[in-house]
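Chains as they are written, first to last, in our numbering: chain A, 4 to 316; chain B, 4 to 316.
Just so you know, not all the hints are guaranteed correct.
For chains that are exact copies, the list does not tell them apart, and a pair is met inside one copy or across any two.
Unchecked claim - Dumping the calculated DSBU-like pairs for lysine-lysine here, alpha-carbon to alpha-carbon at most 30 Å:
| id | residue 1 | residue 2 |
| --- | --- | --- |
| 1 | K216 | K163 |
| 2 | K259 | K227 |
| 3 | K266 | K163 |
| 4 | K163 | K262 |
| 5 | K216 | K109 |
| 6 | K127 | K236 |
| 7 | K259 | K149 |
| 8 | K123 | K62 |
| 9 | K123 | K59 |
| 10 | K114 | K313 |
| 11 | K127 | K62 |
| 12 | K88 | K109 |
| 13 | K227 | K216 |
| 14 | K88 | K149 |
| 15 | K123 | K211 |
| 16 | K216 | K123 |
| 17 | K62 | K227 |
| 18 | K262 | K306 |
| 19 | K216 | K202 |
| 20 | K259 | K62 |
| 21 | K66 | K236 |
| 22 | K114 | K236 |
| 23 | K262 | K299 |
| 24 | K66 | K313 |
| 25 | K266 | K123 |
| 26 | K211 | K163 |
| 27 | K62 | K266 |
| 28 | K62 | K149 |
| 29 | K62 | K299 |
| 30 | K236 | K88 |
Calculated from the structure, these hints are not laboratory results.
These are the residues of each chain, in order.
Number of protein chains: 2
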Amino acid sequence: MNSICNLFNIQYPIVQGGMVWTSGWRLASAVSNAGGLGLIGAGSMSADLLEEHIQKCQKATDKPFGVNIPLLYSKVEEQLDVIVKNKVSIVFTSAGNPMTYTSYLKEKGIKVVHVIGSSKQALKAQSAGVDAVVAEGFEAGGHNSKDETTTLVLIPEIVKAVSIPVIAAGGIASGKAILASMALGAKGVQIGTLFLMSKESSAHDNYKEYLTKLEQGGTSLTLKELTPVRIAKNQFYDELMELYAGHASVEELRAKLSKGRSKKGIFEGDLSDGELEVGQVASSIVQIQSVEEQFKRLILEYKEAFDQLKSEL
Amino acid sequence: MNSICNLFNIQYPIVQGGMVWTSGWRLASAVSNAGGLGLIGAGSMSADLLEEHIQKCQKATDKPFGVNIPLLYSKVEEQLDVIVKNKVSIVFTSAGNPMTYTSYLKEKGIKVVHVIGSSKQALKAQSAGVDAVVAEGFEAGGHNSKDETTTLVLIPEIVKAVSIPVIAAGGIASGKAILASMALGAKGVQIGTLFLMSKESSAHDNYKEYLTKLEQGGTSLTLKELTPVRIAKNQFYDELMELYAGHASVEELRAKLSKGRSKKGIFEGDLSDGELEVGQVASSIVQIQSVEEQFKRLILEYKEAFDQLKSEL
């Protein structure tokens, strides 16, 4: 049996990435009900709101689901209390030190996965005792590694570096890309952008519609002086580039980003002034479907690509 | 039969990327003799030197080989005259407009392939009448597209956009990565960095040795204001970053780059002051082998990866 399916007790080794303002109980339960692993993205939630989403998700599915916790916010400990109290059995951590909470969570019987962008980080996560790592390449949306290593280069190096299963992330939105990830040695995939563009995601309809028309080169990894983040090139991005051209300080960049800008863009649908976090692969997604339709397509494409793959060497 | 093998009359659909100061007759003939397609990299050659390399390559192999011509230099027409005069049957063009010379070369019975970094460029190359395109992702070494689309995202989009065969480039140095490229719909691969790090490449031994120790994140796509280029992060790169931090003008950047800096680094082995063009995947290559050994390894890895690939969905 596939080690990722086995680890989480799921049908398909397809994990939905935890995304701010996008992946609440509705998206997470839809992915879990479709046979993948849904994740509630806690990054944009207070501990109370997270609890509400966990409880709604528990009602909406009897399949396993998890919570993604970015470790860079001050509310982490409250969020972890909510997770333990509500008996969530799977936690994905990202953007922080896997040493801090992994053993605490493991002692509570929780499966822990950490998101990494380099072999060094992967080895650290393995030492911390995580059950698997998500290896996320440069093309992924949202927060990303300064190293800029792409998924194609990163996956084989991480598979070689660690003995735990590797979940590939970044640039994956088709059955072909899932097959390619498996060929590189990944045991599962994490998919963000495609599920952001599902009917069940809580991203604003304006934003989803806008993304169906996004062209190649329409995103950029920027704000490397703060936390590097991949966003769509909208008016806010252009204004950031003007700040860079005018040699803005890190403080000026931080002030421009400000609090609430990702909510404004992703959740409220302000396409000009909002920060629009998304992966490169949005350029290949042209329609908004339900999660169930997306899963059917992914699995069909995967099977077709697998059957068509001949030994060419 | 594989369409790329068929197009070039070669055994394996593995093309060696044309690289400045690296791929003369010795490397190109070694790759062709191993069953792939060797390319003489004309970018760093005068027309006279190119002619010498073509004639030496013709003596060193009776297999097909080609010439890569970057279209951004003034010497292009002289180089094309040498190619026609010496009956070279395969030309790869890059970094320029495929409309300018493709029909001329096709009329001479020459097979033409153009290197692209977006669907728009691929469609333009197809309209110009090329036989195939090389789709090169962000992770590739040397000159690269401003779009920054990675190989994993780019290949399926190019395969969908055009009807001619697609050769994947960028981040490929293992049999696993060749298999992944095929899963994405590519019919062949172009490999640069691995062959740069072969015994037969004319890169300086200091440089090859240095690359065997390069770490993840050890390269960067920079000089985007001139022609974007991926280079190793050495002292010259650090000095460039200081210029950027000091808000240098495009003219100052151009003056810093100067003529001869890639020769200094790649060919003369000056690891501090030279410009060291190389792809991200160098971090996964730890030994210098002969081209023949590299081919044996690639094919063995490919077959193993192909045999191990199970349907996981």
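Hint by hint, here is what the structure shows:
no. : hint        : result
1   : K216 - K163 : between (38 Å within a copy, 16 Å between copies)
2   : K259 - K227 : both (14 Å within a copy, 24 Å between copies)
3   : K266 - K163 : neither (38 Å within a copy, 34 Å between copies)
4   : K163 - K262 : neither (39 Å within a copy, 40 Å between copies)
5   : K216 - K109 : neither (43 Å within a copy, 36 Å between copies)
6   : K127 - K236 : between (34 Å within a copy, 24 Å between copies)
7   : K259 - K149 : both (21 Å within a copy, 25 Å between copies)
8   : K123 - K62  : neither (39 Å within a copy, 47 Å between copies)
9   : K123 - K59  : neither (37 Å within a copy, 45 Å between copies)
10  : K114 - K313 : between (37 Å within a copy, 26 Å between copies)
11  : K127 - K62  : neither (36 Å within a copy, 53 Å between copies)
12  : K88 - K109  : within (14 Å within a copy, 71 Å between copies)
13  : K227 - K216 : both (26 Å within a copy, 26 Å between copies)
14  : K88 - K149  : neither (35 Å within a copy, 49 Å between copies)
15  : K123 - K211 : between (35 Å within a copy, 23 Å between copies)
16  : K216 - K123 : between (37 Å within a copy, 15 Å between copies)
17  : K62 - K227  : neither (40 Å within a copy, 51 Å between copies)
18  : K262 - K306 : neither (44 Å within a copy, 51 Å between copies)
19  : K216 - K202 : within (16 Å within a copy, 47 Å between copies)
20  : K259 - K62  : neither (40 Å within a copy, 63 Å between copies)
21  : K66 - K236  : neither (37 Å within a copy, 47 Å between copies)
22  : K114 - K236 : neither (37 Å within a copy, 38 Å between copies)
23  : K262 - K299 : neither (38 Å within a copy, 55 Å between copies)
24  : K66 - K313  : between (36 Å within a copy, 25 Å between copies)
25  : K266 - K123 : neither (32 Å within a copy, 33 Å between copies)
26  : K211 - K163 : between (37 Å within a copy, 22 Å between copies)
27  : K62 - K266  : within (26 Å within a copy, 65 Å between copies)
28  : K62 - K149  : neither (39 Å within a copy, 47 Å between copies)
29  : K62 - K299  : within (24 Å within a copy, 55 Å between copies)
30  : K236 - K88  : neither (41 Å within a copy, 48 Å between copies)
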